[in-house]
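There are 2 protein chains.
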Amino acid sequence: MNRLDEVGARARAAARQMTRAAHDQRVDALHRLAELLDTESAKILAANDDDVAAARAEGRAESWIDRLRLDRARLAGIARDLLTVADLPDPLGQAYDQRRLPSGIAVERVRVPLGVLAVIYESRPNVTIDIAALAIKTGNVAILRGGSDTLRSNRALLAAVYQALDGAGLPRDAVQLLIDPDRSLVNDLLRLHEYVDLVIPRGGNELHRFCRENATVPVITGGIGICHLYLDASADLSASLPVIRNAKVQRPSVCNALDTLLVHERVAARALRAVVDLLAQDGVTFRAEPHATLALGALPNDLAARVAPAGPQDFDTEWLSLVLGLKVVSDLEAAIAHIEQHSTAHSDGILTEDRVLAEQFLSRVDSAAVYWNASTRFTDGAQLGLGAEVAVSTQRLHARGPMGLPEMTTYKWVIRGSYTTRA
Amino acid sequence: MNRLDEVGARARAAARQMTRAAHDQRVDALHRLAELLDTESAKILAANDDDVAAARAEGRAESWIDRLRLDRARLAGIARDLLTVADLPDPLGQAYDQRRLPSGIAVERVRVPLGVLAVIYESRPNVTIDIAALAIKTGNVAILRGGSDTLRSNRALLAAVYQALDGAGLPRDAVQLLIDPDRSLVNDLLRLHEYVDLVIPRGGNELHRFCRENATVPVITGGIGICHLYLDASADLSASLPVIRNAKVQRPSVCNALDTLLVHERVAARALRAVVDLLAQDGVTFRAEPHATLALGALPNDLAARVAPAGPQDFDTEWLSLVLGLKVVSDLEAAIAHIEQHSTAHSDGILTEDRVLAEQFLSRVDSAAVYWNASTRFTDGAQLGLGAEVAVSTQRLHARGPMGLPEMTTYKWVIRGSYTTRA
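For the record, the sequence lines run as chains W and D. Read in order, the letters of the first sequence correspond to residues 0 to 422 in numbering that gives the first Met the number 0. Read in order, the letters of the second sequence correspond to residues 0 to 422 in numbering that gives the first Met the number 0.
Simulated from the structure, these hints should not be mistaken for laboratory data. Heads up, a few of these hints could be off.
[As the list claims (entries may be wrong)] Residues from chain W shown here face chain D by an in silico Cβ test under 10 Å; the list is partial:
(1) 18
(2) 22
(3) 113
(4) 239
(5) 242
[As the list claims (entries may be wrong)] Away from chain D, derived, C-beta distances all over 12 Å, residues of chain W:
(6) 26
(7) 238
(8) 293
(9) 417
No residue lacks a Cβ here, since even glycine has one placed at the ideal position from N, Cα and C.
Sequences are here, hints too, so could you generate the full structure?
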């Protein structure tokens, strides 16, 4: 007996209704929700103020409170994103792989919703609307488990979601929020395989690990990105520097940020010095393996203070901060060998003018996203043209990298015969 | 520390080589293997004889021994299946979803192998070759855990697999067999998520449950099929009877066999009597709910002895034997409601002349395979035109129903820029 059996049963029942909902109806719910985020903003912001005050009283860090906080501009941004999702093509209903078989049956596959998705996330109320919208758009049902710090905000947001679902004639149970703060409820959720088709953890590596360890429901894990760029001898150095900088400093706290720069030995001295010169201005510090240190040579004091020898774990660390590993490699083989050993198969790239080397890299490095002459920061649903993303997968089953609307679907086999039997 | 870390690391290294292997090379390995099953048959059959003798000495049932036994004809059949797999189209390498984005990057997805598959199965040596062949064909790596009763047979078969891999210039570690009989090794295998991308249990429901409960590696579970046919009032009864019979009796021990027949009340009396008359000749016994019993009326003694009242669990039981549940329903809605409550979402069908009703059923019943006027027995990789199958999934993530070669692949994102940065 699972304490969430009733939640699950209601979700499954709603999933059956959602599967039958027309695209217009699903889109209507999103339009209504976008409008309600405006008309109900006073209520939502008041609830959010209470959450913020409580978090402050508990001594939460400012960065935490910043993620928790909503204001009129942020609500308007969330509403705009809703309309973007509403406008994306309907991923459901297409029939494909049609064939008629020798037995006489006609077979096809038809795109259907994944079903019931459970999403576990932290204290970011925007994720509540984000997931609700993606679920409604794709005919799925969402069971939401947000951080307990956002309970009041989430309740106010859910009230708007219910109103939008009501208005569109869709079941309220299509979006359910677990409000009981008991943490052991997450364990129950992870074991609700009779009713839940997929658990998506949205949060740090620790949450992903916890889900993988404890779930009997299928999980899509992501989390760690130890990302590499390999600067080949043939690369245009002055064109490469902005790419390296973009990958490292544009948003260092995220999983697609650069962690290690590999540099071909023939250009190591010049390239490494240029990288250190440029990125030092952004506050980056460096961990250099011995050949990189050697190639850098004698540095002015202010730069020398920024470069430390790489420790034994440094190339297996996701920095999530303004730290960059530096390593000299003898050629493409050595670069790929390093990546195979240390990458988490998230995002890895090559900077080169040599098309043959580039294609070798792209075909041999088996990461979720592989790059030629581009920043690793593009590993993101919107940047890769998906319009939205529900998660970024670093596992290989079902979906890799950013998961958009089509990745929130599955298919069923539809077989039509004329009273046909198997021989 | 996991005892299988070394096995896993070798598998991962082999996976990198397999990803780069040309289709010709993979096909060459299968042709060599097919030939070796002939030239090495004496050795293989001698090893299998030892397994059979040991199983007999342990008092195994004849049905068990039959699954374990190889002979020259069965080896030839396995070799023929190998050549069929060899001839299927290469599922790897296609690029799709190509687009150029406003940022200037060119994005595409490319089909790549899933990676390292662990397959846990019972005492069926044919599965060893089956999985090895499917893995090699699709550029994947397989870690095999067969039943301990088949250890000698599997070793002899693996010797042939190694020889075929050697001959084709592919790594031996592409197919590894866990021969340590220690059962706790399965637990280690299920937790080898650093190296294994997917666990496929091939066996009964108990094995699937065990894997779901204990794995940290993604698992594709299958197992239970509680399958339904709904006989509508408009169906051609004489054409429907052979379909019902085929679904129930052709191979009652498998998951796509029929478990429950639902009959529209308007034709219940005539249809149920015809079904009982016909299937009784095959040795079928029946579990009838009260309306079905009523509709059947007074039966001759020999038939009456075959019909028992349905117990409370009967419609939630996968019979795997010559038992059939019978129920009268008032209309399509009632049939769908019964299926939603009792089906395991494996294979469910409607028998009807009414196209509108049929399409309603096909769209609303969300099982892995839904049928109109055909036997549920078609839920099978070969029958649905996949050429081969590695498993039948009853979960919704990644693949539903029979998994063929394309379902043994995933994709990576390939991004090409011109020193492009994210704005």
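* Minimum Cβ distance from residue 417 of chain W to chain D greater than 12 Å, as the annotation requires -> 6 Å, violated
Q. Would the stated hint for residue 242 of chain W survive a check requiring a Cβ distance to chain D of less than 10 Å?
A. Nearest chain D Cβ about 5 Å off; hint holds.
- prompt: Taking the closest Cβ pair, is residue 22 of chain W under 10 Å from chain D?
  reply: 14 Å, violated
- [ ] Would you assess whether residue 26 of chain W, listed as outside the interface, keeps its beta-carbon beyond 12 Å of every beta-carbon in chain D?
- [x] 19 Å, holds
Open item on the list: Quick check for students: does the CB of residue 238 of chain W sit more than 12 Å from each CB in chain D?
Closed with: 4 Å, violated
Review point. Does residue 239 of chain W pass the interface check with chain D, least Cβ-Cβ distance below 10 Å?
Key: Hint on residue 239 of chain W: holds, closest Cβ of chain D at ~6 Å, below 10 Å.
With a cut-off of 10 Å on the beta carbons, see whether residue 18 of chain W makes it to chain D. 6 Å, holds
Problem set entry | Nearest-CB test (12 Å) between chain D and residue 293 of chain W | Consistent with the label, residue 293 of chain W stays out of reach of chain D, its closest Cβ about 27 Å off (over 12 Å).
message: So, as I understand it, the hint says residue 113 of chain W touches chain D; can you test that by seeing if any CB pair is closer than 10 Å?
response: 6 Å, holds
Violation of the numbered hints given earlier is confined to hints 2, 7, 9; the remaining hints are satisfied by the structure.
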